[in-house]
Amino acid sequence: MPDPADATVFFVGNATMIIRSHGFTVLTDPNFLHKGQRAHLGWGLSTRRRTEPAMEISELPPLDLVVLSHLHGDHWDRIARKGLDKDVPIVTTRHAAARLRRQGFGHAVGLEPWEYHHERHGDGTLTVTATPARHAPGPANALMPPVMGSVLDFAHAGEVDLRLHISGDTIMDECLSEIPRRFPDIDVGIVHLGGTRILGVTVTMDGAQGVEWLGLMQPESALPVHYDDYEAFASPLKDFQQHVRRSGLSHLVHYLMRGETYRLPVRQAGVRPHRPVIGPG
Numbered sequence: 001m002p003d004p005a006d007a008t009v010f011f012v013g014n015a016t017m018i019i020r021s022h023g024f025t026v027l028t029d030p031n032f033l034h035k036g037q038r039a040h041l042g043w044g045l046s047t048r049r050r051t052e053p054a055m056e057i058s059e060l061p062p063l064d065l066v067v068l069s070h071l072h073g074d075h076w077d078r079i080a081r082k083g084l085d086k087d088v089p090i091v092t093t094r095h096a097a098a099r100l101r102r103q104g105f106g107h108a109v110g111l112e113p114w115e116y117h118h119e120r121h122g123d124g125t126l127t128v129t130a131t132p133a134r135h136a137p138g139p140a141n142a143l144m145p146p147v148m149g150s151v152l153d154f155a156h157a158g159e160v161d162l163r164l165h166i167s168g169d170t171i172m173d174e175c176l177s178e179i180p181r182r183f184p185d186i187d188v189g190i191v192h193l194g195g196t197r198i199l200g201v202t203v204t205m206d207g208a209q210g211v212e213w214l215g216l217m218q219p220e221s222a223l224p225v226h227y228d229d230y231e232a233f234a235s236p237l238k239d240f241q242q243h244v245r246r247s248g249l250s251h252l253v254h255y256l257m258r259g260e261t262y263r264l265p266v267r268q269a270g271v272r273p274h275r276p277v278i279g280p281g
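Using full-length UniProt numbering, the first residue of the sequence shown is number 1, and each one after it goes up by one.
Wrong hints could be hidden among the right ones.
In silico SDA-like links for lysine to any residue, alpha-carbon gap of 25 Å or less [unchecked claim]:
1) Lys82 / Glu115
2) Lys86 / His107
3) Lys86 / Ala98
4) Lys82 / Arg94
5) Lys238 / Arg50
6) Lys238 / Met172
Everything labelled a hint here was simulated from the structure, so no lab data went into it.
Work out the full structure: start from the sequences and follow the hints.
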């Protein structure tokens with residue numbers, strides 16, 4: 001069995017994390033811009049970074065995989081494009097994979113919702129399944145790059161003992177409802193917040209939607225990310241914290257600061273602790 005002490009999330013900043021488990025090292029949404037630099041969002045739009053990442057791209061450990069939710073400059077920036085190993089596999093949307101291959105990342109894998117990518121280390125496996133997401137309401141969604149959430153299943157000897165779900169940049173939408181039906185036993189839900197506003201339209205979950213997402217996904221525990229790093233974020237972390245407290249979910253949510261590590265709850269012998277259902281706030 002894998003040692004639970006080896007399963008961790010290190011928070012770099014924004015939606016960038018280093019996830020280690022079962023011998024795998026996974027990087028999510030690589031964003032290494034510095035405070036004051038601008039992330040490009042397309043259509044001539046950009047947003048300025050307010051914070052410093054917890055590490056430089058040159059300090060990254062050897063990577064087995066990158067999971068990229070979509071092509072926006074606060075998730076895939078010019079530093080990542082220049083600094084990452086061109087041979088590292090990148091699991092992302094089909095739209096992003098085509099662009100990345102043109103940039104020289106020949107092992108970019110594009111997935112549609114419910115398609116998956118499989119990696120193996122000895123008797124440990126990692127399966128990344130793309131899940132639906134919607135980056136903007138109504139017709140505005142057509143102006144945004146395609147985005148995906150992801151489920152990361154870590155398994156030992158064929159048995160899943162750690163399941164993470166990363167929301168990706170999404171708003172609450174009916175398309176998300178199939179996720180908990182297909183994956184009813186999420187150990188850790190990682191929720192992208194910020195209430196991002198672009199041209200007056202909210203394109204990521206604010207605090208209220210974040211709690212609604214917890215109620216839908218029913219994770220064993222939750223980590224909020226993507227909430228204060230850019231000027232386009234209109235819903236600060238305290239907004240989410242207030243809704244969490246009002247909903248009686250403070251026991252569920254763990255708050256990581258940049259540079260901190262969270263130890264992931266690997267199931268023992270495939271057993272997932274019973275917990276009460278999360279109700280609406």
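Going down the list of hints, with the structure as the test:
1. Lys82 / Glu115: 28 Å, violated
2. Lys86 / His107: 8 Å, holds
3. Lys86 / Ala98: 14 Å, holds
4. Lys82 / Arg94: 21 Å, holds
5. Lys238 / Arg50: 17 Å, holds
6. Lys238 / Met172: 19 Å, holds
Hint compliance for this structure: hint 1 alone is broken.
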